[in-house]
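Undergrad: Chains as they are written, first to last, in our numbering: chain X, 1 to 142; chain F, 1 to 326; chain P, 1 to 496.
Note that these hints are calculated values from the structure, not bench results.
Keep in mind that a hint or two might mislead.
Stated by the list, open to error - SDA-like mimics (lysine to any residue), calculated; alpha carbons at most 20 Å apart, straight line:
#1 P:LYS222 x X:ALA77
#2 X:LYS138 x F:GLU39
#3 X:LYS29 x P:GLY457
#4 F:LYS277 x F:SER59
#5 X:LYS129 x F:SER35
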Amino acid sequence: MKKVDMLLGFILLAICGFFYFMISRLPEKAILYPIFVTTVLLILTLIHLITTYLKKEDEESNAFKGLEIKQLLFVIATSGLYVVLINIAGYVTSTVLYVLSTLFGLKVSKKASALISIGFSICIYVLFKILLKVPLPKGFII
Amino acid sequence: MKRVVLLLLSLALLLSVVGCAGDSGDQIDTSNYPSKPVEIIVAYKAGGGTDVGARILASEAEKNFGQPLVIINREGSDGELGYTELAQSKPDGYTIGFINLPTFVSLTLERDTKYAIDDVVPILNHVYDAGVLVVQASSEIETLEDFIEYAKANPGDLTISNNGTGASNHIGAAHFEYEAGIEVTHVPFGGSTDMLAALRGGHVDATVAKISEVAALVNSGELRILASFTEERLENFPDVPTMKEKGFDILFGSARALVAPKGTPQEIIDYIHDKFKEAIDSPEHMEKAKNADLPIMYMSPEELAEYIKNEEIYLKEISTFLDLSN
Amino acid sequence: MENILLGFANAFKFVNLVAAFLSVAVGIVIGSLPGLSAAMGVALLIPITFGMPAETALIALAGVYCGAMYGGSISAILLHTPGTSSAAATAIDGYQMTLKGQAGKALATATIASFIGGILSSVALYTLSPPLASLALKFGPAEYFWLSIFGLTIIAGVSAKSMLKGLISGALGLVLSTIGMDPMLGIPRFTFGNNGLLQGLPFTATLIGLFSMSQVLLLAEKKIKDLKGSREVKDKVYLSKDEIKRITPVSLWSAIIGIVVGILPGAGGTIASFIGYNEAKRFTKDKEAFGTGIIEGVAGPEAANNAVTGGSLIPTLTLGIPGNSVTAILLGGLVIQGLRPGPDLFTIHGKTTYTFFAGFVIVNILMLILGLFAVRLFAKVSKVSDAVLIPIIFALSVIGSYAISNNMLDVWVMFIFGIVGYFVKKFNLNSAAIVLALILGPIGETGLRRTLIMHKGNYMALFGSTISWVLIGISVLSLMTPVIMSIIEKKKSKAN
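If we strip away everything but chain X, and leave its shape as in the complex, we get (with noise of 0.2 Å):
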């Protein structure tokens, strides 16, 4: 976890660093409130960096190994390219298409993930769009 926890330390650095920056640029009257709370959190991070650093390497936990990385990263990705998907294409036909795309890619068969993909969908529109009358994203096209 000594890795880990560092790299943690690091980019909460870096988050201080980046609301420092934006601080700077706000006019004067508006700055204190966000300087205090930034300030406290980066001194909470060195505290944290300063216990890490003395503590001892411990191999066994280590939160990002023997993760299935391809297919956490096709999920990420898969996920992605729906919220865009769904701005072109609207909600219905988006999530028909991200469904039936991720369940193939995880392995399920081709029947489950046609009928689970095909059936959710009908479902969220006929509870969200007719019963609950919740808008569902619209696209460019439909």
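Assemble chains F and P onto chain X, guided by the hints.
TA: Chains F and P only, in chain X's frame:
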């Protein structure tokens, strides 16, 4: 197997296309309007003042409209998100919306909004909520003169809560402060509910509010109106003087109007106007509006256009001498 | 008294019972769908209630409110995806129980605790409405500031693994809460020129990202196993007498906290459930077992968040000050029916008000019955394989974040915070602490700055009232408890 998948896929595509049919085609056919439900965009939260008014009117107008009227709450950024959405909607009569004045105008002056004032065309005005200056009924300040006198003797000591920096009530309070030549402390709150709670809990000395928000509290003897920001005295509170009588020429209130995106065919505007006008005049609507303390004030499209224009001129003018940044 | 009995007689009218039954059922469905909040459910129902008589409309609204508040626990327990934000604390132990094959027991605990919370809060609604209402108005800016400080001290308590990481999570939440318009000056802060962020990070979308989408990614990083049967509700939805005895004191205490938090404006279900969780931990001897899946960890937050329902109605009805977003919408429904909050409700409109109160009691009883029965149906959700859950939870997260304000920006915020939430869990930070800080940050900031504006920059104004001192006192207590507890435990172990 592949065929089944393909078949189902194309079926789903077909379904979603069918589901959204009617949106397609650029030609706006005015002859059979309305042929599908009309969406009304409300740029504020469900249950808020604007929403309540919109729903009361829409439920009445729906009776003779011929199609369902669906309220869509699209809140955020003080209303800008909803206004932008409305301004950018297809001008086919199937999306209309409510705007709040002066907010609809003042936002365009305060920041770089993604809509312009003339992106919409007026249909009619529904509600006009007059501004009032209120204190707690137990306050030592009995009259407007007391208020001014105290403020002059103790500059900056009197606190007035408002519904947000640069928001409508802040503008009214600051304009009064300027005209009366006094110095008060403006305390911004997140909305009119919080702003009133601060007054009722005795945390601030006074509030500039809309009459519908305080009428019940004044009647119950909890709050007292010092003056109204109106041309004539308020119908339900004939004892309350106007600012104008006291020598301060400030008119201020908020209007809620129905508008359509620019380019909506005139026939459709007329149709919507007539149906909604009919709804406003119905006794059922008047009864509901009275129960909800909504001061109804109908304005024709021409009057509304004029009102919006004047509001813009007024806001531009006062921004030259009022500092609303704190 | 006569009014109270009359109220019950009215509430048992057929139409009111049907309204109560249907609305509780709809509420549970809405609550259990991740991203659909109680606020959304009530907002969706408002237009439907226009045509109803006032008391029926109010009962229906209360039914959705209570049902959704409870329904959130179902997906929190089965999927580790809180259906509503107020069930986030329930997910901690509830999901662990599901992993241990005790889903049925967890669901029964949630149902019974929710019922205890709801019923106790209806008692409060009857008895405390008038006297307690006057207290809420006494909360001025200074008191709100201390209220938020008190809330922030809870962060120290909810972070079980590492206090430092809990505090870092809280500070990160505070920094993120500065995004949006400066509340006093109206100057945009860190909005990157995007007007959609002027109101701050869209709260619900952020929450769905942190709690729902991050779960999708955590499922996706593991090898998909054939899960047939492994997450079934193997056990009965049932608690033994002993177990009911175990959760009763915890639930009663958490319910009282929930009522108080509900009355305080601005707090609401999420904060109540975290305090409830924390208190349950304090109440239980075996503190180490918390987080590993024990019934007290489910009962605490569930009793607390359902107790918020009645508590939050008190200031809404009597003073017109809604305690949270749901009651703000409810208030709108009230006004449409021609009912003005205030003393009139108990005199002129006494019949309607007391029918509503009685309906509230009935709603909670129906929730208990429906809960113990319908939970079986919902449990089927958890039999589904991870591969299927991944796209479905994400697709629901998209609707949930979109439907709040019908805005694609919110969906992107959800997406980004899904990835943030994933790393938060990987780094052992605490999503719940981030969420608490996101809610409390603005309350504290505006409270502090308003106090200073009102008193010309005099910091002593923060210490001006008894309520402030009480809040300072319980904040110090809340901060010290973990420390004191560990000292006591050390002494005990030495003595042994």
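Undergrad: Next pair to validate is X:LYS29 with P:GLY457; report whether the Cα-Cα distance is within 20 Å.
TA: holds, 14 Å
Undergrad: So if I understand the rule, the pair passes when the alpha-carbon distance is 20 Å or less; does X:LYS138 with F:GLU39 pass?
TA: holds, 14 Å
Undergrad: Please verify whether P:LYS222 and X:ALA77 have alpha carbons no more than 20 Å apart.
TA: holds, 16 Å
Undergrad: Within a Cα-Cα threshold of 20 Å, do X:LYS129 and F:SER35 meet the stated pairing?
TA: Roughly 18 Å separates the two Cα atoms, so the pair holds.
Undergrad: Next pair to validate is F:LYS277 with F:SER59; report whether the Cα-Cα distance is within 20 Å.
TA: OK: F:LYS277 and F:SER59 at ~13 Å, within 20 Å.
Against the hints set out earlier in the document, no violation occurs for any number.
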